[in-house]
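Q: Given two chains presented individually in distinct reference frames, assemble the corresponding complex, making use of the accompanying hints.
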Amino acid sequence: MRPFRYHRPADVADAVAVLAGEPHAAYLGGGTNLVDLMKLGVQRPELLVDVTRLPLDTVEELPDGGLRIGATVRNSDLAAHPAVRRDYPVLARALLAAASGQLRNLATTGGNLLQHTRCVYFQDTGKACNKRDPGSGCAALHGQNRDLAVLDWSEQCVATHPSDLAVALAALDAVVEVHESDGPRDVPLAALYRSPGAHPERETTLARGALITAVRLPPLPAARRSAYLKVRDRASFAFAAGSVAAVLDLDGDVVRDVRLAYGAVAHRPWRAYRAEEELRGRLFSPELAARAADAELAEARPLRHNGFKLPLTRAITVRVLSELAAS
Amino acid sequence: MSTGAVGRAHPRLEGREKVTGTARYAVEYPVDGVTYGWAVPAAVVRGRITRVDTDEALASPGVLAVLHHGNAPRLAQGPERELWLLQEPAAHYRGQFVAVVVATSLEAAREGARLVRIDYDAGPHSTVLAADHPGLYKPEHVNPSYPTDTAEGDFDAGYAAAPVRVDVTYRTPAYHNNPMEPHATTAQWHDGRLVVHDSNQGPVAVQATLAELFELPQESVRVITEHVGGGFGSKGYTKAAVVLAALAARHVDRPVKLALTRQQLFGPIGYRTPTIQRVRLAADAHGRLTAICHDAISQTSTIREFAEQTAVYTRSMYAAPHRRTTHRLVRLDVPTPFWMRAPGECPGAYALESAMDELAIAVGVDPVELRIRNDAQVDPDQGEPFTSRNLVACLREGAQRFGWTGRDPTPRARRDGRWLIGTGVAGSSYPARARPSSAAATARPDGTFLVRIDATDIGTGARTALWQVAADALGVPPERVEIRIGDSDLPVAPLAGGSMGTASWSWAVIRACEALRGKLREGASPDTEVSAEADTTDEVGGQPTRPRYAYGAQFVEVRVDADTGEVRVNRLLGVFAAGRVVNPTTARSQLIGGMTMGLSMALHEEGLLDERYGDWVNHDLATYHITGCADVEAVEAYWLDERDDELNPAGVKGIGEIGIVGTAAAVASAVHHATGVRIRDLPIRLDKLIGVSGLA
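From first to last, the protein sequence lines stand for chains A and B. Mapping of the first sequence onto our numbering: residues -10 to 316, in sequence order. Mapping of the second sequence onto our numbering: residues 50 to 745, in sequence order.
Chain B on its own, in the form it takes in the complex (with noise of 0.2 Å):
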């Protein structure tokens, strides 16, 4: 690391073509002959298509075609059901996507899709979760490969035996992913061969689904991926864009342009399980923890199973002798949930974090303090030491920064006219995981030198930062080096997701730069172009499993009015122990971001589900509520300057996630601490505190 760009800030390399409007996004390339596609969802919860009659749309000007199961093109019977599409008469949540309309222009395709009439036998349905819905099961896995259920000691011995015990319940709605670019495809077929550029966080992934549906050989599929506007794990495995916008553009033999919809953003791309969850905590009469139980349930698809891990944040974060861990899954007739920001992690977290709170206020110890008493420096899941753990760290630097010290703990104590002031603390976790990758670097003539691979930027500073960690690699200024990702043409990268990106692409762009050196005389420039190439799998793959995760500590202060129940939060603070920080312009973006993203879950964010219709009647961003710019006075974030060699060779753990984890737990903390009031339903909005007796 000789030149130091690694630990710079620095803006976005792509920051001026995106503020000035010049970055191109999924449909904006300008393609000849190009059409558009508008996908029409199905207006039932479940049913049987009976008859599509599409003489209407097909008369509406600019229409060129609608398809649907009855004359789509047939697709192979892939891995995900859902994936599936146009190729049954059969609609399994509302807002399935069950035809596809293609114009000329856009506002064509929208008025034919409008146009389209298709009848259903519709029949019963199921859509609200509950804690006694008769389909609970137990699943064989939770996401992606986490055993079902946990048990250590024995907890209902622990729990009856212990002093202290706190046994609570907490719900979450279902939470949207709203990136502020929707799923979008320009697909194009040129001689059997499909190009699509598509707003995703893997283009590595998209490629082998769509061939695989496809029935091409991989090299025959080509996913091209510049710019994503956001995607919160919502764009981390294919979606329906892409493979109705391939199939559309196969159907009318011309090029596709297909984005979805604001409102088609609420259900068929997933959204995080609306979870019901069970914390019971037993302590000794200091605060140590001796029983920890944590029960989830949240629901799936009739078409696929999604089974968020809800409680495996509970299994390493804090220790005690008898533990058990459970998740329960219910198929209910609605859209797949999937991925969004620490998906498991942030509603568990939620609950675990909470139950904390009040087993602090239980026991009569400091959060904070409680939190410090039940480290682990072992992971009590898998029993190995923690490669390492900087929990205690971010706790005690954030209560400095924050000024926690003398905390009085009484609820209702702190008034500023009319608003009740309360402070909140929460722990945080998230894994640090690498998955095998590869890189290619070339020195070139000139003295500069290009790195290409197929890295996602998903509007994270992704390409900013593997740029950086390539010029220190390669020992030169970051100025004389060209970074390449986004195009499935590139050396194979795995997707932007589980906080895992620049851990895995950063450690192969290093050993190909490496390599890549090692062909090269130091300080001489080549007379023609020198490539090297590296692939990390078997480096990756014989990496002892030991436990790896970043911490953190969110600090907020609320105030809410003592007559009208609005909440207000003054202050958010975050201190994350997340191994090395690349770029911290970027990196600090990524924690205020999710720490801001954790508050709207706390506050304001509920998809409200209409179980009449079996969808959320909310479904636009004018009635979704999202925090916004009025809503985060004062966001802070830091880091502990944190090494660890044990985890890849930039030294990282992943920042995407960590920063929302534990900010609702927080939140929720403080407004219990402002007004006494425990809301264990989130969002905590006006209308569960103003009933209140006394609080003003």
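Next comes chain A alone, as it looks inside the complex (with noise of 0.2 Å):
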């Protein structure tokens, strides 16, 4: 048997106090992916720290159009918040793309950004991974590479982030807040992620014992026009094997302004800022929307078996965006 302990902090600071404490100390959200990960031997938290019945459950509509979602709002939740589904569509529609009913009843929306990759190599114990056992190698290279990435990969390192839900907040630029041992501080969602790099264990630029109390949505009224397509291997619970965030602004047939961010193709939710740069201020067409997904996927890196990803992204970029310049 190998013990943990667990315990129930009586407000967020009490949990940054005990996590920062703790050398071995894990926060404990939905445990959708961290019990599995305990199960397979690949996380070992000596502590486990339940942040689920902090006051941090309730989604607050702010008074200049924003969107504030407390850390451990479920998934399911989230996706059926009026206000979400009103004036964040994108969001919602990522949020259901994901995984099954059963999984987003528990899943908390802190716990689903800082949820793992699934790379088959970083969930085996008996494989390299340089993520899961720094200096051990990346097995994934030149292995079985399929699902892994094709942007911003490193010798170390071709994961993928495996979140629909930070690809639809990446678009909208979030912000995250977070509380570590000196105190909140906000960081943009699109500074959260590291890219892999020579030091791929690192995955984010919190400190660690950091918490995430809440993810906050500056207004965007165009996000109204927005919407979420995610490609998988069935139609049954997968993770994408491509997908595509969009908020479309259009000034008659012109791009006035547009958010794009991708899925599955890099070691986080990838912001697609020169496709944004492509289509902004031109006339839309389907040709442009593929020629400003070229654009992004000019410097990608295919590796062995997952080429595909790059027609695939270009595919769903051009259907996403002429369906909301569209609708």
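A few chain B residues facing chain A, derived, Cβ under 7 Å:
1) P110
2) G111
3) S154
4) E156
5) R163
6) D612
7) T613
8) N667
9) G677
10) D680
In short, the hints are calculated from the structure, not lab data. On a predicted model such as this, the values are computed, not experimentally measured, just so you know. Glycine residues also receive a C-beta, built at the ideal position from the N, C-alpha and C atoms.
A: Printed below as a string of structure tokens:
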């Protein structure tokens, strides 16, 4: 038996303080990823700090028209929230495209953002993985890498981030509210995740022990015309083969503004700034959308088994933008 | 059949227990003083174990023992080297069980397993099946005992002379059985007698193998198999879990529960071998086959030969004067492949029925019509008439129900928005076998009856079907009949496999009930219990050897996203001719389950081998995709009212496997019809379609 301790913190400060004092502790949200990894021996925390009873479970409509989503709001509840459905349909659709009903009922907003890659080599302690075991090598680089990254990978790691929610949040310029030992701070979602580089074991820019307390969405009226398109290998629960979150703001047929983010292509949700640049100020057409995707993917480096992600990402970019333009 | 229970829909007798969670599976029986075993897999592909360090594991709280080759109880060298577990310092494939940790809790055993240190002297290995592998050889026979190669006429000459020819190669990946309940055992030793609650498809064989391995008289081993959470063939023979549990229980002198993990099902329990299949068909201008050749390549392990009968399907399915089939095998440093629902017939039919679709296009004949033109009433292989063969009737009824008539064969001709729509069809056949069995029937003074047979219900509804058969044979309402199965103390019966369970068991049940009725005064209950037994060995053995097969036809409509290559199945429809159907409720489940598994094979399942590690990296149900509910939008199964008096007293042909046989070919042909793209290596996933130019 490998015992671990369980702590239910009184408040956020207690949670952060307890975690700071323990080198091998982890926050427990819905447990939909952590518990699996513990059973597999991939993660071996000695202390679990259960944050699900902290008062972080509300969705608050902000005076400026934005939204603050508590870190322990369950994915199901967030997807069903009227303000989310009305103002940020891309978010609701990303949530509902993910996992299964049972998992969404448990999974939390903060936990979703900090879930780990589903790279099969990471999840198997019998195989080399720098993310799990720094310095052991990356078995995926020349292994079965169909599901892995085409952008921004390193020789040390080719993993992808599995979250659908994070892709939508990347497109919405979300801000992550975190509480660290020295107090609260805001981290733009775009600055939350790291590239794998030489240290893929470091996944975020958060200090050790940081607790996500909320995710804030700035007001974005254009997001009422937004969508999430996810392609997967089967209709039932599966991680994305490719996904795109898009917000399109048209002035007549001209792209006034656009937000685009990709899933399943990189170590983090991939905000497609180059594609946006290509689109902004131009007369929208499917051909333009394709060119924009190509611009974004120009520096992609497909691995042995995942070259299909380039035409796939291009195809879903064209589709999601064309559908938004026609809506 | 006076009361007519047979043919009536009836829910499973144990259905309520199963859905309320009270039905007990192998490791769910409460046992005093029980301990838990955790199997330790080899971490190298091939090598010698040079050292086993158990210190850390034994120091871990709750750990009672670590069994390995150096200290495990000795086993006799049985016929299967694969079961000679923990006896030699060697690993023959990655994942082979080389140690077992026993502890006072499951969690302690798992942690102990993590702490066992095993050093290996690893050797070079070969784990990838290839058509030019230097190790290819011709096995002596193929599973279970078919000739390896066959030839009639002169294939080469017939093929060369034909006006229409198809020469195509299909590939299928490794497929992994994933019953809900893993291979699992509770083992207990009492005064030298071994009792196991075990999840398997045939307690008799498990009993015999354990007796042999542990050098016990057969009657000193009892195997109880009350409920089984699926098997699909993977539990058709004694497997590692029960041997490890029995070894561990003997070693610690306490009861042991041992269940494999989901990850451990990917390999050590067997899997459907990858195949490389070349099919050549030649036909005249009307589509009548003149030459058929099917060359199949598959793999086995270095410790056991399992030669899948991939091309056997082709020997009897369609007629042609010139025919040839071959099987070649290579021994790789991999786990031994084993049975998976319709071993041989299923991958073989994928290739042949796909090639028939390609021939239909080449010759310009509708694929239903092509199959009808090439029907055979005399088995091309054995040269004798089939006892019944209703393939054509299945095709015709299926075509009518599906709305096939008038299908435009032009690929990529139908479109619904972004979706390309296509339809496909395939034929199916599966042998209708029976094996000797025994059974006993008892009349009680209270007017009820007890029927006993060591049959196994692996979730199929076998228990309920036999109960219905027994009621009719006794001439009483089924409510007066109690049936007991799944225990080696009951009369000996063959395994639930090869779609022959119900045929074999019902035969013995009917004979036992008839014998009992002969002892009773008609309509009266006896004063004391009266019993009769039957053994069908002579009767089954004396049956004329005639070709006996069930048939079917699957029709599929798919849609393929023109931009992304996503494939979804709109509709799956099968019509089957499988003799008498005992229970329409459970029969339908078998047939739609088989078809769903075929859909899964066609579109989703694939064991991804990492040749450096020698195992399949996607070894759980999150990464090894199977078809889920959302992927099965409409599935329909129908059957013909087929009577065949040359089968068995119940007139059944078996329905466990026929549903899957042709389904993957029908799906693949429908994808071709939708897109114009012929994918010849399964599964058909979006990455194989999206790169195809001009699809959109």
